[in-house]
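Chains as they are written, first to last, in my numbering: chain P, 240 to 493; chain W, 240 to 493.
Derived by calculation from the structure, the hints in this document are not laboratory data. Treat the numbers as computed from the prediction; the structure is a model and nothing was measured. Misleading hints may appear alongside valid ones.
No copy is singled out in the list; a pair is fine if it fits within one copy or between any two copies.
Claimed, not checked - Derived SDA-like pairs: lysine to any residue, alpha-carbon spacing no greater than 20 angstroms straight-line:
1. Lys348 x Ser407
2. Lys348 x Leu421
3. Lys348 x Pro480
4. Lys348 x Pro382
5. Lys348 x Asp378
6. Lys348 x Leu265
7. Lys348 x Gly415
8. Lys348 x Pro476
9. Lys348 x Arg439
10. Lys348 x Gly479
11. Lys348 x Arg427
12. Lys348 x Thr416
What follows is the residue order along each chain.
Protein chains: 2
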Amino acid sequence: MTGRLAVVGLGPGDTRYLTPEADEVLSTVEALYGYGPYLDRVAQRAGQSRHASDNREERRRAAAALRHAAQGANVAVVSSGDPGVFAMAAAVCEEIESGPESWRALDLKIVPGITAMLAVAARIGAPLGHDFCVLSLSDNLKPWELIEQRLDAAAGAGFVIALYNPVSRARPWQLGTAIERLQRHLPRSTPVVFGRAIGRPGEEVNVTTLDAADANSADMTTLIIIGSRATRVIARPGRGPLVYTPRAAAEVSA
Amino acid sequence: MTGRLAVVGLGPGDTRYLTPEADEVLSTVEALYGYGPYLDRVAQRAGQSRHASDNREERRRAAAALRHAAQGANVAVVSSGDPGVFAMAAAVCEEIESGPESWRALDLKIVPGITAMLAVAARIGAPLGHDFCVLSLSDNLKPWELIEQRLDAAAGAGFVIALYNPVSRARPWQLGTAIERLQRHLPRSTPVVFGRAIGRPGEEVNVTTLDAADANSADMTTLIIIGSRATRVIARPGRGPLVYTPRAAAEVSA
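Model the full assembly from the supplied sequences, consistent with the hints where possible.
Rendered as structure tokens:
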């Protein structure tokens, strides 16, 4: 008997974003693993066990789910958004690579979901309509110098930048420092979008500029999009502004 | 009476990826606009008109849909994948900005979808599990020199790279040139993933290396993921390999 492990993306939070494939997989598993608040988003079904763990426990959670699946069970690990973007799919792969050979024989299925940057972008227009970079601002797993180097490279080459994990209780200064760093490369009028809790209670999307961007207005659930020199804002009478990056680009910097 | 325009992401092609939100919007509109093969994926419903247009007609299609909505109609434009990633949302914003003032008053809704890189990544593991860049290889709307500059910046700074629009009949040499360019920055053993037609007939996902990557094996429906120095391949007896990029990074290049 071979166990099965699914790594399932729940999307940004609202079941309107949960794909039929994710819903089907979640309805058939025997056991669910995940960060507590994400598990709480999954509909309760009879006969399923739930194993909640803390935010920072990704590898331990992945190992527990793999052990359970290796016993022949049909198991799912859930992620908010897409499991492949700064989420559980990489943690599961890390555990498979370093774990017992039998884990490589498991039937592993990764179910994609709407990741936060796509949901935030959709709410405000099309800021990711041209080339962009996606960067986690957490220096828990990489040196801060590497993050700065990547911010420099991305802004310098004209990429729009989507920032995941901008801030946490243990990482209070990083976002402010990143914003200052980006101000060296980009005009102060560059559009910046803060999106939080998309599709959940407390949803908020705000447009500001790199000059006025306030790191204190972000929390753990915030996704930030920093425009490029090409990103534009369309004012709309009686409606919120649209932010978009045109598909065409002419500029080649020095 | 104010018209409504929805820009709807269909996901990679299979209805298992179509979100409930997208399905609901598509079921309520009076008129559908899109590239013919994408429109063909939408279930037929009585009373809806369909307006197919060619692949390269994005702005004209956006303008036609906006004009229709401005007459008070409830209209949708469909995109494959996510409409905000190299797709119709930016084209619609471009038309709104340059069009009549009344278009800014329209009720515009953008409905996110599973974009190709998330679907390809999910099929193969977690290659986008760490920082990554997303780049269109089409030089129809930007100079080739800019693309090379961005490839240099992305590979040099250790980003994984997702390439959209790698090739078309009118752009036969660009992918080969990009691969050669990336070989200057990255080891020849760097994992490369070619994914095509995910969730559709003819689906294929292949893992190769930067050394062996063959530009001729890509077509218009292919999405390519170029690993970073950190990206790893896990061999699995009796199963295809997993490709993933660990969440942790130590390297700071010079």
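Hint-by-hint comparison with the structure:
1. Lys348 x Ser407: neither (30 angstroms within a copy, 31 angstroms between copies)
2. Lys348 x Leu421: neither (38 angstroms within a copy, 30 angstroms between copies)
3. Lys348 x Pro480: For Lys348 and Pro480, only the inter-copy Cα distance (13 angstroms) is at most 20 angstroms; the intra-copy one is 40 angstroms.
4. Lys348 x Pro382: Answer is neither: 31 angstroms inside a copy and 39 angstroms across each miss the 20 angstroms cutoff.
5. Lys348 x Asp378: neither (29 angstroms within a copy, 35 angstroms between copies)
6. Lys348 x Leu265: within (12 angstroms within a copy, 29 angstroms between copies)
7. Lys348 x Gly415: neither (38 angstroms within a copy, 32 angstroms between copies)
8. Lys348 x Pro476: between (47 angstroms within a copy, 16 angstroms between copies)
9. Lys348 x Arg439: between (27 angstroms within a copy, 17 angstroms between copies)
10. Lys348 x Gly479: between (40 angstroms within a copy, 12 angstroms between copies)
11. Lys348 x Arg427: Intra 44 angstroms, inter 29 angstroms, cutoff 20 angstroms: neither.
12. Lys348 x Thr416: neither (38 angstroms within a copy, 34 angstroms between copies)
Checked against the numbered hints above, the structure violates hints 1, 2, 4, 5, 7, 11, 12; every other hint is satisfied.
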